[in-house]
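Visitor: Read off the chains here:
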Amino acid sequence: MSTTQMSPATGTLPPDEMLPPAEILKVENVTMRFGGLTAVNDASLTVKKGSITGLIGPNGAGKTTLFSIASGFLAPTRGRIAFEGGDITGVAPHRLAERGLGRTFQIVKPFAGLSVLENIVVGAFLRHPRRADAEAVAARVAARVGLGDRLDDPAASLTVSGRKRLEVAKALATGPKLLLLDEVLAGLNPSEVRDIIPVIRELRDTGITILMIEHVMQAVVSLCDEVFVLAQGAIIAGGTPQQVVSDPKVIEAYLGKGAAARLNRGETADA
Amino acid sequence: MSALRPYLPVIGLGVLLALAPLFVTSNVALNFLVFTLIIALAAQGWNLLGGFGGQFSFGHAAFFGVGAYVSAIWQMSLGLDAWTGFVAGTLAGAVTGLTIGFLAFRAGLRGSYFALVTLAFAEVFRVLSNSSEATGGAAGLLLPLRIGAQNLQFADRSTFLAFVVALTILVLLLVQWIRGSRFGAQLVALRENEEAARALGVDVFAVKLKAIGLSGAITAAAGVLYLQYFLFIDSNIVFGTWISVEVLLAAIVGGLGTVLGPVVGALALHGLGELVKHLAGDLPGIDLAVYGAVLVVAVAFLPGGLVGLFRRKPAPRQVRKTAPEGGRV
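In order, the protein sequences belong to chains A and B.
Sequence positions in the first sequence follow our numbering and run 1 to 271.
Sequence positions in the second sequence follow our numbering and run 1 to 329.
Simulated from the structure, these hints should not be mistaken for lab results.
Fair warning: this is a prediction, and the values are worked out from it, not measured in the lab.
Among the hints, a few may not be true.
[Unchecked claim] Chain A side only, calculated, beta carbon under 10 Å to chain B, not exhaustive:
id : residue
1  : Ser71
2  : Glu98
3  : Phe105
4  : Phe111
5  : Val121
6  : Gly123
7  : His128
8  : Arg130
9  : Ala134
10 : Ala155
11 : Leu158
12 : Ala173
13 : Asp205
Glycine is no exception: its CB is placed at the ideal position from the N, C-alpha and C atoms.
Let the sequences and hints guide you as you build the complete structure.
Guide: Laid out in structure tokens, this is it:
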């Protein structure tokens, strides 16, 4: 849970954390091309075990593509993904779920015809082959994300906020070590965001490492130990949230070239 | 006791069906019930793949026919007995299902593409069996009449009906069990959303294969029953498109992805068909026109099928049950 900036070399692990590796996920020089379009370009990042790591960037930067590669839904054109020290490049998503890598989808994918409990049970069945056990796990997970009183409701009846919680609950029920959250706060109003932030923090406190794509900066700053910024497919910055949001390269990626300089001038004029 | 509760509707319908051989005596009614339950059984196979798994096959005749032909050849050309023929036919259906499934699902075929491929398989089987000597060609195969339980041929129809009823109940129980199992949950999940299912650790390809294998076996078992009851098959009967249509109609009208749907749907459709035939007299094909009309009505007004009609009744109870919970929180 260290919040110090990542060192570029991997050999600087604290001795007491040599085994298991301190990095639960390592993306190395991943490139993804769709025909002539390079969605991800030589991107590398690491997620420290036990951390909440953020992945931010302007629309179309390739964040979700990078997620899809890390979770096995896409095989990268080039590069390598390592999970808990083992190469998982091109491994099928259901195998990764078995190994403890869970993900949610930006565009939520509830099993609309099923109840909330049944939705979560599908995830719980991964590690609990008996229905009674799976249902008990699912009910516990539902309570954790605040859906404890909606178990028998059809998933289709949930609000946007409820569906985001369900998305997290389903992934959580698979018992992941690393959870990839793709914009779980997008589309929620500020009070709903405030309600979910503690839920995410509580997940980390129970030992689940989290990598999250997020646009809601309030959440990124308050939750993340470390943030990577993806712009036009390349990682342009990494560090603590404070370092990243004041990085001129990041500001320019969001607001256009020269924006950082103009902002600085504006600040001094105001002062 | 609570573990048995999901089985209550199956047990209820099972008891009703089990009483039928005791009370139904007229040959017409017995014929009707046996034939309808054979279709219901085949539809149950279709429903496992199409209703629970969302993979709509338009060629379940392939399995029905493979079951019937394998069992017939088993007995006539190889001289083996009917009971092992029943098992062999059923297994052949499973193998056919696994083969078609392996090819279609590995290629990632879904929706109408999957439906067309299954239809193509059924048609190829029909054409081949119509011209091959091993299957009797266009003349078909006439199973020699050798009445006796060891030959799976019964002197009276009600005994055969009892056998069909027993098998139907067995398959109903199996499907009900599958519904509550991990395999069932994964099957329904991939019907609802394949990507989301994969993210939750569901091996989509393996689950689909399992489903089409089981589906093929159940439908093939129905094909064997058809052979044992009518003692005659030809390619246009057991590989005919009518079987593929009958089974999906029964499942859709009865209730897609429900355990009782195929049986209820087959009974309702055939009951209505017989009634109309009776009333309209000698108008040829009138029952088929009625099927069409019923399908349109079912799709338009009964998304849950006939079984869904009954399910709506307990709704107020559920509302009362959840209300205090909502209030407590």
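Visitor: Min Cβ distance, His128 (chain A) to chain B: is it shorter than 10 Å?
Guide: OK, holds: His128 (chain A) within 10 Å of chain B, min 8 Å.
Visitor: Less than 10 Å between beta-carbons is the criterion; does Arg130 (chain A) satisfy it with respect to chain B?
Guide: 8 Å, holds
Visitor: Holds or violated: is the Cβ of Ala173 (chain A) closer than 10 Å to a Cβ in chain B?
Guide: 8 Å, holds
Visitor: Per the CB criterion, is Gly123 (chain A) less than 10 Å away from chain B?
Guide: 4 Å, holds
Visitor: Have a go at the Glu98 (chain A) hint: is there a Cβ in chain B nearer than 10 Å to its own Cβ?
Guide: 5 Å, holds
Visitor: Quick one, is the Leu158 (chain A) hint okay against chain B at 10 Å, beta carbons?
Guide: 14 Å, violated
Visitor: Does Ser71 (chain A) hold up as a contact with chain B if the rule is Cβ-Cβ below 10 Å?
Guide: Holds - the Cβ of Ser71 (chain A) comes within 10 Å of chain B, reaching about 7 Å at its closest.
Visitor: Does the CB of Val121 (chain A) sit less than 10 Å away from some CB of chain B?
Guide: 6 Å, holds
Visitor: Please verify that hint: Asp205 (chain A), Cβ, nearest Cβ of chain B, below 10 Å or not.
Guide: At 23 Å from the nearest chain B Cβ, Asp205 (chain A) fails the 10 Å test, so the hint is violated.
Visitor: Given Phe105 (chain A) as an interface hint, is the shortest Cβ-Cβ distance to chain B below 10 Å?
Guide: Holds. Min distance 7 Å.
Visitor: Was the hint right that Ala155 (chain A) lines chain B, CB cutoff 10 Å?
Guide: Because about 9 Å separates Ala155 (chain A) from the closest Cβ in chain B, which is inside the 10 Å limit, the hint holds.
Visitor: Given a cut of 10 Å on the nearest C-beta pair, is the interface hint for Ala134 (chain A) held or broken against chain B?
Guide: Holds - the Cβ of Ala134 (chain A) comes within 10 Å of chain B, reaching about 7 Å at its closest.
The structure does not agree with the numbered hints 11, 13 stated previously, though it agrees with the rest.
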